[in-house]
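Dock chain B against the given chain R, drawing on the hints supplied.
Residue numbers (the numbering used here), protein chains in the order written: chain R, 1 to 117; chain B, 1 to 112.
Certain hints may be false.
In silico lysine-lysine, BS3-like type, Cα no more than 27 Å apart, as pairs [as the list claims (entries may be wrong)]:
1) R:Lys-14 with R:Lys-41
2) B:Lys-99 with R:Lys-14
3) R:Lys-64 with B:Lys-99
4) B:Lys-99 with R:Lys-41
5) R:Lys-64 with R:Lys-41
6) R:Lys-66 with B:Lys-99
7) B:Lys-3 with B:Lys-69
8) R:Lys-20 with B:Lys-99
9) R:Lys-41 with B:Lys-3
10) R:Lys-66 with R:Lys-55
11) R:Lys-20 with R:Lys-66
12) R:Lys-55 with B:Lys-99
Honestly, the hints are just simulated from the structure, not real lab data.
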Amino acid sequence: GAVVSQHPSWVICKSGTSVKIECRSLDFQATTMFWYRQFPKQSLMLMATSNEGSKATYEQGVEKDKFLINHASLTLSTLTVTSAHPEDSSFYICSAPSHRDFSDTQYFGPGTRLTVL
Amino acid sequence: DAKTTQPNSMESNEEEPVHLPCNHSTISGTDYIHWYRQLPSQGPEYVIHGLTSNVNNRMASLAIAEDRKSSTLILHRATLRDAAVYYCILRDGSSNTGKLIFGQGTTLQVKP
Numbered sequence: 001g002a003v004v005s006q007h008p009s010w011v012i013c014k015s016g017t018s019v020k021i022e023c024r025s026l027d028f029q030a031t032t033m034f035w036y037r038q039f040p041k042q043s044l045m046l047m048a049t050s051n052e053g054s055k056a057t058y059e060q061g062v063e064k065d066k067f068l069i070n071h072a073s074l075t076l077s078t079l080t081v082t083s084a085h086p087e088d089s090s091f092y093i094c095s096a097p098s099h100r101d102f103s104d105t106q107y108f109g110p111g112t113r114l115t116v117l
Numbered sequence: 001d002a003k004t005t006q007p008n009s010m011e012s013n014e015e016e017p018v019h020l021p022c023n024h025s026t027i028s029g030t031d032y033i034h035w036y037r038q039l040p041s042q043g044p045e046y047v048i049h050g051l052t053s054n055v056n057n058r059m060a061s062l063a064i065a066e067d068r069k070s071s072t073l074i075l076h077r078a079t080l081r082d083a084a085v086y087y088c089i090l091r092d093g094s095s096n097t098g099k100l101i102f103g104q105g106t107t108l109q110v111k112p
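One chain only, chain R, in its complex shape (with noise of 0.2 Å):
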């Protein structure tokens, strides 16, 4: 199957400070990635919708200035949360569809573990 990487696999910073997560489609291009956040024994909840080559979607009730999505490219989505604070601390995943195989299916990344101290 396709591959998703996450960079960094976790992360520890301090209160006020910008942390950036990078998600990348390995062997498939993709248009559109998201982006989830899971806090502990919680489902995952999408975040936003991230497009290549224009702004980001937000979901209901997600700050846009605080989760800055940039798709560069056709490989590369990052999200920045900005002005980090404890309550942001969670799992932070990604995915991406692959349709080479026109089978509709998402592949996600390993996800991000941030930690804000």
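Chain B in isolation, oriented as in the chain R frame:
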């Protein structure tokens, strides 16, 4: 996206079959039924999907009710590595957004 209902948790014994149910009574004609699973501290993994007919792949089988208001994911021989949260998700096939909305899923425990 139409909603799905799954049991919060299920238990199974190793090497026995597991049937994970999902109710989706408000499913529309263009909704595909997708199953993903998430192992602890990992991103979700695609398991299987279908529209109307039953589907089989190397990981599992998907049995879809004739009225499509429910479906069952079947793991033929559960292993300890199958312990995960299983999500049943409806995906609108007429929509090009591609996004998946996750419910709470079923936590499967596999006992040796």
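Hints and how they fare:
Under the criterion of a C-alpha separation no larger than 27 Å, the hint pairing Lys-14 of chain R with Lys-41 of chain R is consistent with the structure, at around 24 Å. Proposed proximity of Lys-99 of chain B and Lys-14 of chain R is contradicted: the alpha carbons are some 32 Å apart, above 27 Å. Straight-line distance between C-alpha atoms of Lys-64 of chain R and Lys-99 of chain B comes to about 18 Å, which keeps the hinted pair within the 27 Å bound. Of the supplied pair hints, the one linking Lys-99 of chain B and Lys-41 of chain R holds, its CA atoms being roughly 22 Å apart against a limit of 27 Å.
Distance check on the hinted pair: Lys-64 of chain R and Lys-41 of chain R sit about 25 Å apart at the alpha-carbon level, within 27 Å; holds. The straight-line distance between the Cα atoms of Lys-66 of chain R and Lys-99 of chain B is roughly 21 Å, inside the 27 Å bound, and the hint therefore holds. A threshold of 27 Å between alpha carbons decides the hint, and for Lys-3 of chain B with Lys-69 of chain B the separation of about 11 Å falls inside it, so the pair holds. For the proposed pair Lys-20 of chain R and Lys-99 of chain B, the alpha carbon gap of about 22 Å is at most 27 Å, so the pair holds.
For the suggested pair Lys-41 of chain R and Lys-3 of chain B, the alpha carbons sit about 20 Å apart, so the restraint of at most 27 Å is met. Among the hinted pairs, Lys-66 of chain R with Lys-55 of chain R is consistent with the structure: their alpha-carbon atoms are about 15 Å apart, no more than 27 Å. Under the criterion of a C-alpha separation no larger than 27 Å, the hint pairing Lys-20 of chain R with Lys-66 of chain R is consistent with the structure, at around 12 Å. Using a Cα cut-off of 27 Å, the hinted pair Lys-55 of chain R and Lys-99 of chain B holds, with the two alpha carbons roughly 16 Å apart.
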